[in-house]
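Asks: Given the structure of chain H, go ahead and fit chain E with the ligand onto it with the hints provided.
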Amino acid sequence: MAQLHSRDFEKPIEAAERELEELRAELEEDGSLGSADTSDDLKRLEEKVRKLKEHIFSTLTPWQVTLIARHPKRPYSLDHIGNVFEDFVELHGDRLYGDDPAIVGGLATLDGTPVVVIGQQKGRTTKERVYRNYGMPHPEGYRKALRLMEMAERFNRPVVTLIDTPGAAPDIEAEERGQSEAIARNLLVMSRLKVPIVSVVIGEGGSGGALAIGVADRVMLFEFSTYSVISPEGCAAILWKDGAKADTAAKALKIGAKDLLGLGIVDSIIDEPLGGAHRDAKAASINLKTAILKSLSELKGLSVDKLLEGRYEKFRSIGVFKEDSA
Amino acid sequence: MVWFKKGILAKKSEEKTVKVPRGLWVKCNNCAEIIYKKEVERNLDVCPKCSYHFRISAKRRIDIIIDEGSFKEHDETLSPKDALEFKDIKKYKDRIKTTQAKLKANDAMICGEGSIEGARVMIAAFEFAFMGGSMGSVVGEKITRSIERAIEAGVPVIVVSSSGGARMQEGILSLMQMAKTSAALAKLREKGLPYISVLTDPTTGGVTASFAMLGDVIMAEPRALIGFAGPRVIAETIRQKLPEGFQRAEYLLEHGMVDMIVNRKEMKSTLARLISHLLG
Ligand SMILES: [Zn+2]
Numbered sequence: 001m002a003q004l005h006s007r008d009f010e011k012p013i014e015a016a017e018r019e020l021e022e023l024r025a026e027l028e029e030d031g032s033l034g035s036a037d038t039s040d041d042l043k044r045l046e047e048k049v050r051k052l053k054e055h056i057f058s059t060l061t062p063w064q065v066t067l068i069a070r071h072p073k074r075p076y077s078l079d080h081i082g083n084v085f086e087d088f089v090e091l092h093g094d095r096l097y098g099d100d101p102a103i104v105g106g107l108a109t110l111d112g113t114p115v116v117v118i119g120q121q122k123g124r125t126t127k128e129r130v131y132r133n134y135g136m137p138h139p140e141g142y143r144k145a146l147r148l149m150e151m152a153e154r155f156n157r158p159v160v161t162l163i164d165t166p167g168a169a170p171d172i173e174a175e176e177r178g179q180s181e182a183i184a185r186n187l188l189v190m191s192r193l194k195v196p197i198v199s200v201v202i203g204e205g206g207s208g209g210a211l212a213i214g215v216a217d218r219v220m221l222f223e224f225s226t227y228s229v230i231s232p233e234g235c236a237a238i239l240w241k242d243g244a245k246a247d248t249a250a251k252a253l254k255i256g257a258k259d260l261l262g263l264g265i266v267d268s269i270i271d272e273p274l275g276g277a278h279r280d281a282k283a284a285s286i287n288l289k290t291a292i293l294k295s296l297s298e299l300k301g302l303s304v305d306k307l308l309e310g311r312y313e314k315f316r317s318i319g320v321f322k323e324d325s326a
Numbered sequence: 001m002v003w004f005k006k007g008i009l010a011k012k013s014e015e016k017t018v019k020v021p022r023g024l025w026v027k028c029n030n031c032a033e034i035i036y037k038k039e040v041e042r043n044l045d046v047c048p049k050c051s052y053h054f055r056i057s058a059k060r061r062i063d064i065i066i067d068e069g070s071f072k073e074h075d076e077t078l079s080p081k082d083a084l085e086f087k088d089i090k091k092y093k094d095r096i097k098t099t100q101a102k103l104k105a106n107d108a109m110i111c112g113e114g115s116i117e118g119a120r121v122m123i124a125a126f127e128f129a130f131m132g133g134s135m136g137s138v139v140g141e142k143i144t145r146s147i148e149r150a151i152e153a154g155v156p157v158i159v160v161s162s163s164g165g166a167r168m169q170e171g172i173l174s175l176m177q178m179a180k181t182s183a184a185l186a187k188l189r190e191k192g193l194p195y196i197s198v199l200t201d202p203t204t205g206g207v208t209a210s211f212a213m214l215g216d217v218i219m220a221e222p223r224a225l226i227g228f229a230g231p232r233v234i235a236e237t238i239r240q241k242l243p244e245g246f247q248r249a250e251y252l253l254e255h256g257m258v259d260m261i262v263n264r265k266e267m268k269s270t271l272a273r274l275i276s277h278l279l280g
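So the protein lines, in turn, are chains H and E.
Using this note's numbering, the letters of the first sequence map in sequence onto residues 1 to 326.
Using this note's numbering, the letters of the second sequence map in sequence onto residues 1 to 280.
Some hints here could point you the wrong way.
Using 35 angstroms as the maximum straight-line C-alpha spacing, the simulated DSBU-like pairs for lysine-lysine come out as follows [what the hints assert, rightly or not]: (1) K72/E with K268/E; (2) K87/E with K53/H; (3) K104/E with K322/H; (4) K251/H with K90/E; (5) K251/H with K87/E; (6) K241/H with K90/E; (7) K258/H with K90/E; (8) K258/H with K187/E; (9) K187/E with K294/H; (10) K194/H with K282/H; (11) K81/E with K258/H; (12) K194/H with K187/E; (13) K300/H with K258/H; (14) K81/E with K322/H.
It is worth saying that the hints were derived from the structure and are not from the lab.
If we strip away everything but chain H, and leave its shape as in the complex, we get (with noise of 0.2 angstroms):
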């Protein structure tokens, strides 16, 4: 347990469960679990737990927002592919240079229809994290989510993609490659991809590494997710001058839920369990569902022409700006 609430601020959450642990171990074992007497005390503990998670998590910064979207217990795609999607055969490889792991991606059914998923993938344990690449993807992985959403329009299956990533992979192995073409083809592609394309930010929706697999019809984002131009770090240590004023510059930069909704960068939000969801996966993943089969169910009935329209619609129409009228 101790383990699970690895961020500061969910401490009291944490020192709550724990009291209520002891309570329960102790009343178990002079047998008084379960009568009368005790179950009001039992109760109140709940109620406090209840309590402290709803107030922290209404009440998260935007820095602990950030924080909770990589928090090392968030239920990263394979735990959601594995709990929204059936029958998922994972594929490999862009045919041209290799397999990033940093990207997933195969056929699924989701409720029976068959769809082609691809997501970012993180890992848990350090050398997972590090195989993984930390979820950053190389020019590899946007080539191979290319060829597998190429694939899903020659099949007409619509694309889920699911986005975590702190960004693209900045080093040499990724500029020999072509990191910005990799990322610039996708986003030139998905734009006019002839089948529904749905895009979720489950974690960390970092930049242009995420955005390559985020032009979609529908992009909806989990509640403790992020969708930002640069890390609250990266962006305090330019404009500030100083990293450690990350809390201020994920402020500033407005990378949370409601912001992202306000400013039509998202069209939905998922909820999450009370307390975020590495506290229930299983339930997130249920809410990711939903979200995902209403998207499709809306963009079913259109034809090519109108999907295409609306896609272009929805992007062309971003930006804010002044001009004088002529």
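Replies: Okay, now just chain E with the ligand, sitting in the frame of chain H:
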């Protein structure tokens, strides 16, 4: 640009420049030679000694590429708006105001139409001096409108990039300009109209990772820095020295990322040839 520093300049240069007023001479960023400014200007802002390409303004770029008297600017009144009420150590609003006053420009891009050796084109050029040529809503909108106008008119599009990437002060709105511009280019492709992307020093971040790398033909100026992540970010991430010439135009050519490296002097004629090949 302070260049009257003892010990930095070659002795010969000091002798040559010491008695003349500042402003008439420039020091080459590459070979450190002190050159008569007029001579550099006559040479299209390219060092006559070592061929170093100085960064130039959007207006100067258009003057160099577009036939004299044929340029008509579009969307000149488009101006940034502080949608996020962003404030770092300075308010974005104030940053816009001071930069606009200093540069007499609304934002980091000039776009319009004109002809290149008689062929009509839509052109958009970055103003790097305006907040590092960063792309916010105005830049994204100007590029998108340029592409849409080209589709309407059935003419090619040329974008000359010089940008540090997305504009942080416009947050997620600037990120989405990548998708917006790329989607417009996808439509241009369907119409069979050429798009030529010209990469100049420096082109990085969200600009490279969208329209800049999507040209039917991509050309770069010699030695231009071009990349997704900036060299400092990469060096910090991998904690090792970057190889010589990394992310320079020549490196990109070698790795198959650009079609050609073109000297500024040949830029206009090369564009004209490409257009006639693609549309002729
Ligand atoms: Zn020189």
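Asks: With reference to the structure, classify each hint as holding or not holding.
Replies: Status of each hint after checking the structure:
Between K72/E and K268/E the CA atoms are separated by roughly 17 angstroms; this keeps the pair inside 35 angstroms, and the hint holds. Distance hint between K87/E and K53/H is fulfilled; the C-alpha atoms sit about 31 angstroms from each other, no more than 35 angstroms. With a CA separation close to 16 angstroms, the supplied pair K104/E and K322/H stays within the 35 angstroms bound. Between K251/H and K90/E, the direct Cα distance comes to roughly 15 angstroms. Compliance with the 35 angstroms bound is thereby established for this hinted pair.
Note on K251/H and K87/E: the hinted pairing holds, with a Cα-Cα distance of about 10 angstroms set against a maximum of 35 angstroms. Taking the CA atoms of K241/H and K90/E, the gap is about 12 angstroms. The hint holds against a cut of 35 angstroms. Distance restraint check for K258/H and K90/E: the Cα-Cα separation of roughly 25 angstroms lies within the 35 angstroms cut-off, and the hinted pair is therefore satisfied. Note on K258/H and K187/E: the hinted pairing holds, with a Cα-Cα distance of about 32 angstroms set against a maximum of 35 angstroms.
For the suggested pair K187/E and K294/H, the alpha carbons sit about 29 angstroms apart, so the restraint of at most 35 angstroms is met. The suggested pairing of K194/H with K282/H holds, with an alpha-carbon distance near 32 angstroms, which does not exceed 35 angstroms. With a C-alpha separation of about 20 angstroms, the suggested pair K81/E and K258/H falls inside the 35 angstroms cut-off, and the hint holds. Between K194/H and K187/E the alpha-carbon distance is near 13 angstroms, which keeps this suggested pair within the 35 angstroms criterion.
Only pairs whose Cα atoms come within 35 angstroms are accepted, and K300/H paired with K258/H is accepted, the gap being roughly 27 angstroms. Distance check on the hinted pair: K81/E and K322/H sit about 6 angstroms apart at the alpha-carbon level, within 35 angstroms; holds.
Consistency with the previously given hints is maintained throughout, with no hint failing.
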